[in-house]
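Protein chains in written order, with this note's numbering: chain A, 714 to 1168; chain B, 714 to 1168; chain C, 714 to 1168.
Heads up, some of the hints might be wrong.
For identical chains, the list gives no copy identity; a pair is met inside one copy or between any two copies.
[Said to hold, decoys possible] In the DSBU-like style, the derived pairs of lysine-lysine whose C-alpha atoms are separated by at most 35 Å in a straight line are: (1) 856 with 1156; (2) 1095 with 962; (3) 856 with 962; (4) 856 with 827; (5) 1095 with 827; (6) 827 with 962; (7) 856 with 1095; (8) 1156 with 1095; (9) 1156 with 827.
None of these hints come from the bench; they were simulated from the model.
Okay, here's what each chain looks like letter by letter:
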Amino acid sequence: MTEGNDQVRQSPLAGPADALEPAAGEAMMTLIRRLYPICRSITGNGVRQSLDIIQELIPLRRHEIPTGTRIFDWEIPREWNIRDAGIRDMSGRRLVAFQNHTLHVLNYSVPVRKRISREELRGHLFTLPDHPDWIPYRTSYYKEDWGFCLAHNQLSRLTDAFYDIEIDSSLAHGSLTLAECVIPGQTEEEVLLSAHLCHPSLCNDNLSGLAVQAYLLRWLASEPRRYTYRAVFAPGTIGSLAWLWLNRKRLHAVRAGLVLTGVGDRGGFTYKRSRRGDAMIDRIVVRALQDEAGPSTVRDFSPYGYDERQYCSPGFDLPMGRLSRTPFGEYPEYHTSADDPDFVSAGQLQGALALCQRVVRYLEHNRIWRNLSPYGEPQLGKRGLYGAVGGAGGPDQQRMAMLWLLNLADGTRSLLDIADRAEIAMDVLMDAAERLERVGLLKNQSVQGSGLNVE
Amino acid sequence: MTEGNDQVRQSPLAGPADALEPAAGEAMMTLIRRLYPICRSITGNGVRQSLDIIQELIPLRRHEIPTGTRIFDWEIPREWNIRDAGIRDMSGRRLVAFQNHTLHVLNYSVPVRKRISREELRGHLFTLPDHPDWIPYRTSYYKEDWGFCLAHNQLSRLTDAFYDIEIDSSLAHGSLTLAECVIPGQTEEEVLLSAHLCHPSLCNDNLSGLAVQAYLLRWLASEPRRYTYRAVFAPGTIGSLAWLWLNRKRLHAVRAGLVLTGVGDRGGFTYKRSRRGDAMIDRIVVRALQDEAGPSTVRDFSPYGYDERQYCSPGFDLPMGRLSRTPFGEYPEYHTSADDPDFVSAGQLQGALALCQRVVRYLEHNRIWRNLSPYGEPQLGKRGLYGAVGGAGGPDQQRMAMLWLLNLADGTRSLLDIADRAEIAMDVLMDAAERLERVGLLKNQSVQGSGLNVE
Amino acid sequence: MTEGNDQVRQSPLAGPADALEPAAGEAMMTLIRRLYPICRSITGNGVRQSLDIIQELIPLRRHEIPTGTRIFDWEIPREWNIRDAGIRDMSGRRLVAFQNHTLHVLNYSVPVRKRISREELRGHLFTLPDHPDWIPYRTSYYKEDWGFCLAHNQLSRLTDAFYDIEIDSSLAHGSLTLAECVIPGQTEEEVLLSAHLCHPSLCNDNLSGLAVQAYLLRWLASEPRRYTYRAVFAPGTIGSLAWLWLNRKRLHAVRAGLVLTGVGDRGGFTYKRSRRGDAMIDRIVVRALQDEAGPSTVRDFSPYGYDERQYCSPGFDLPMGRLSRTPFGEYPEYHTSADDPDFVSAGQLQGALALCQRVVRYLEHNRIWRNLSPYGEPQLGKRGLYGAVGGAGGPDQQRMAMLWLLNLADGTRSLLDIADRAEIAMDVLMDAAERLERVGLLKNQSVQGSGLNVE
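With the rest of the complex left out, here is chain A (with noise of 0.2 Å):
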């Protein structure tokens, strides 16, 4: 075979994700364990207070949506509080404890106080035999009830014939609270990112995910970027709605977009496609998912899941998938007390998080490039990109990418085309469509800050 040259210069790479903060893992589960006490719901004090506490990281612009506001086929409920609940035995002592735990609690449980029987009682219980010692979550939204949440052993101490309960709750006319950050780019084309703020003290779900959330946020605003990126934090369902709702005029902007949901557990990446199926975005996350080259896996959409469902729904079809680690329901600690602080890790969050910017970076540099060379291969010797002695060895995977980008670049494949056909990783094209920039090889296609011919 006939090579022009053979040697090649080893260029830095970037490596396999930007330096972080220092310890941006430690900073998440720090602001995790901030948020864990707090008793949040689908509306109340809870979610405002949690919100409190994201604000101080990044900007929040905040909105209160009135009870009984129409929201497509949903209305916003009455607005939740609660300040205490419990069960007494005949001798006053306290056996359940809202202050202990906020799972004690039906979540949206109406007021309650008197005395009942065992057997009423046990009507309104909820334990998880299979695990005796986890309480379950559990809620009624929207049908009036009330109960309590309990681990099973604590049962079998419930051995009085009546006992004293009280919910000390409130269910009024008030508002339903979301938020959103927006990090302006250089085009109004958004990233939109959600997640849900609705769970009480559960910590993979989804405290994991406003922690991700709101530390991408705060390293995208260092960043520069072609991309607005937009990020709802927001109650589950109805808060979700609410945001589509406020924003159904301009949801056209959105080119892609990641529901951020329990990625803090041990597990390796689970990606939940968009309804879309070959959206750009699922694209992406699937390609920075090979070249991180960890264990992980990809899903199609269903719909069934968690605000996904919302966004993917056929009136909206929003190009956007879903993160988690192990899926909801696959580890038993979900939607149980055992979904606690140590369920979830400084380092899965930092993986995340660094899964979230590489993501970031692909969306970013996915341009379409020419080469300005196309007839034959230009001589890349003479440009310092080649080596000098002909003849032996084969090209390293700098130079198969140079090669790549020259052969596919012709003004109709975006960078990410290229990188599935030769099978490089993105981050390696990147690199390399620089290099033949900077020598005049290579030309940035794209309209000048705009996504919009990419997809």
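Guided by the hints, dock chains B and C onto chain A, whose structure is given.
Just chains B and C now, kept in the frame of chain A:
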């Protein structure tokens, strides 16, 4: 994860197959036993007698096409009839007798009556050395010939030097007979069924197809129908060509079709795709076989086989597949006297009928639906379609069917498209669509009474 | 199943490959042995001498392109010629001598004659420690340098402190030489062949490609042809670029092409797809390899390799693949003195020639046919193309080929499309098409003498 509510109403679902006439399998066996002794061929009174019996079950319109009529590249041959045939030894003992089995005569043998040497006779005998007790089935429609088929074991008894042979048949100007049964529907769009009627005393090939076709039509007559169903009972090749020739101006009405052959043996189903490969009938039958969950095989089209060769010839290219159990030629009893009434069973015939009924139901219900509340998920809970206490467990198949329908029913997808993507049985989706239509969330987009827009 | 009739006429089929000139393999070996001693490079008299020899077999049109001519991004370098070279020890003994092997000199070495220290000399020596008896092949076309390549075992004999080295070469204004051979066909549409001619005494790379190309052209000249065949004999990279530059206005005529390299070693075939990936040549070669049924591999295009890098650069994007046996770099003898006449064989060369002939036949016969009797199956029996006694056995490949052709020849499919769908060898279909054309059932739809409509 946040859900609205969780308790699912258990609605009565359609069973795996609609209730059949009691003992339809036994009724089909009775029909087969009546048709079995008749000596059919591509023309002649055997065909007419068989149609007389079928006409007791369903209304038939019969056609007689005269000898010599040009049918595309073919010509209707002279009509063949046979009264008796046999081989006698010199002592007058009848060694081979048509009255014992219609297969004993080479089908379409010209008349012959003479004394011939054993050597000459041998040139006109057909046996199966590998199955010495079975009589083979052989024909010579287009080359004038005569012959006898017999058990290989009978050969050894032919020790005389000369034999008296007689075939009391006639080949004369007459006509080819075929029949069709039409069950009109709301539209003129047609589903075409076809079973060949030319084989003499052979049960699986094809009294089984004739029986299932007849009983499917009986059932169809009592069902509401969008489509018009037309079934052809005709001799193979020249008979289906004759039907195509008679109907050549109206074939554009055919939306889907099935050739029914060999559906009574003990094997699982084999579906052979249409020439198009991805016609609605192909996708419907594949879906029905998946939903039935029994052993089954799907094969691509090939231009060899039964009358699909004609229906799927390039000038017609009808969207017709072929439904069989064990494919022809892949069981040793094929085209031998071992394909007798014991080779087929009431249970297997009933199973084939049930599959055909499922296919019909799927064809009829393969509508395009539109979600009338496409912005976010509609609130199923307030309509009694969603449980009350959230947080535990996943959705059952009924709720998943509703969620998939709401997500994908955007006016561009048929129910079949949704079933294929959701991997949910059509039955379950049909039931869910009905429930959602009842509460006003789903609307049938198909033009009333038209299947035109669902392929 | 009903068939018309069953006895199939056995017609003489084309064999696996047309008869070759007797001992074409041996003739190719003779050519290789004559070309082997010549020291070729990308310019110089070695190229001209090699073309003189090839021109004894086929007519060549030669081009000389002067030093300094701009060729797209490149420039024709000064012409290199070498008379002698060697290393002598202080006793005057010649330790390394160009006359023993052309590989001993770093190809394109500038002239040098001096006494130097062992240490300085070591910086200009190339060996293969893993194969201590073999001489490596190294070049330095575009950076002025000099050097010697030798067996690693020879290094230990260099024990003197000083050596007299001499390279009696010249680098001067001159020209680059290339040649083409054109075998005109009925049309101006072209099939382009290319083999590189710059490697010195190396047999598989690429005297094998040159020999097969030359003998393929000899055979082509005696065959009826729709296509015009044009073969390029040129130095790698700069040579093929020069040919592209000379022909840049008429590349639109190229319908298919092959780069021929490394086709004489003991391995099975490796086909590398064109940049397009699904060009007619890609599908034809894949089909031919399947029909040959020997071990073979098909690889996707990559921008690294031989002259397909130039032909398939984005500005040209010609539909050209590359045919090799063991890919370059995947056998240890590659680019070493072990790639000598013993490394290739007459049998393997003949096999490569036979495959190329098969590819040519497939290209030439890849017509679009139309069934003139498309309504139902035509009656093959009355045309002597179908047996008489029906009922037994299945069809053989010849009859299946006829049935597939009649079914799919609807004026929209090439013979290749039919072969791929029917999974029948092109040879068998070509023969069947001819038989059906003879009886008036099939008509060639392709515009006379045009291959334009068959891709």
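Results of checking the hints against the structure:
{"no.": "1", "hint": "856 with 1156", "in the structure": "between (60 Å within a copy, 28 Å between copies)"}
{"no.": "2", "hint": "1095 with 962", "in the structure": "between (54 Å within a copy, 27 Å between copies)"}
{"no.": "3", "hint": "856 with 962", "in the structure": "within (32 Å within a copy, 62 Å between copies)"}
{"no.": "4", "hint": "856 with 827", "in the structure": "within (20 Å within a copy, 95 Å between copies)"}
{"no.": "5", "hint": "1095 with 827", "in the structure": "between (89 Å within a copy, 29 Å between copies)"}
{"no.": "6", "hint": "827 with 962", "in the structure": "neither (49 Å within a copy, 82 Å between copies)"}
{"no.": "7", "hint": "856 with 1095", "in the structure": "between (75 Å within a copy, 9 Å between copies)"}
{"no.": "8", "hint": "1156 with 1095", "in the structure": "within (19 Å within a copy, 57 Å between copies)"}
{"no.": "9", "hint": "1156 with 827", "in the structure": "neither (75 Å within a copy, 48 Å between copies)"}
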